[in-house]
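Sequences and hints are given; from them, build the entire structure.
Respectively, the protein sequence lines represent chains A and B. Just so you know, our numbering puts 81 at position 81 of the first sequence, and the rest follows in order with no gaps. Just so you know, our numbering puts 58 at position 58 of the second sequence, and the rest follows in order with no gaps.
Worth flagging that the hints you see were computed from the coordinates, not collected in a lab. Careful: at least some of the hints might be erroneous.
Stated by the list, open to error - What the simulated footprint calls covered on chain B by chain A, stretch by stretch (three residues with Cβ under 8 Å from a Cβ of chain A suffice, anywhere in the stretch; the number is not a length): (1) 30–43; (2) 53–61; (3) 64–74.
Backbone N, C-alpha and C define an ideal beta-carbon position, used for all residues, glycine too.
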Amino acid sequence: MKVFSLSETAIDPVVLSSQLENFGTGAIVTFEGRVRDHNDGRAVRGLAYQAYAELAEAEGAKIMKEARARFEISCAVCVHRVGELVLGELAVWVGVGAAHRDAAFAACRYIIDEVKSRVPIWKREHYSEGQPEWLHPAKGSAR
Amino acid sequence: MNYTMLYFASLRDAAGCDSERIASGARDPRSLYGEIAARYRFTFVMEHLRVAVNGEFAPWDQALADGDEIAFLPPVSGG
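Okay, here's the thing in structure tokens:
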């Protein structure tokens, strides 16, 4: 399977986690990014992600390769949703397996931070009131 | 020269299409952005965008070739 992929359908963390397991893995750290009901003081009722798929998959794969080079991990997987999402739905999932927890935590954090700042994916929020808007954050947005 | 433009997110909304073929005298992404931004009234200054040529990130002064596929990428908001 691809270590970084875009998905048009719901992300299943149970299936993804099972791909990280092997007998050399003493630690698995996962991150789940979910659709929340508010942003920047506005009530959010759903959102959509659009991607430049070709470049997003190439840049995502590059980030995963960097993570494997920087940290003592045995495996890492990341899946990002595209399309329309409802509140509470999984938007992005990162899973890292390693012999020890320090590397697993660090690599997981590295991957989600880099994906958010570098991969060409855009979020369009639908609000309870007013027109939907694309988010194009300046540098230094919320972590 | 002829280029294929790809548009994403708010730039797609402003352009009114996800891709198009254009003819332009621009020879690098910098001058091409000037033309396209004026045509569709894009509000981003170049410093806030990245550019991709043929599916890879590229510098603003890269020499373009006939048939290149170009995308101006607004600040991303995945995750």
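Status of the hints after comparison with the structure:
With a threshold of 8 Å between beta carbons, the proposed coverage of the segment 30–43 of chain B by chain A is violated, since 0 of its residues qualify and at least three are required. Only residues whose C-beta sits within less than 8 Å of a C-beta in chain A count toward coverage, and the segment 53–61 of chain B has 3 of them, enough to reach three; the restraint holds. Requiring three or more residues with a Cβ within less than 8 Å of a Cβ of chain A, the coverage given for the segment 64–74 of chain B holds, as 3 such residues are present.
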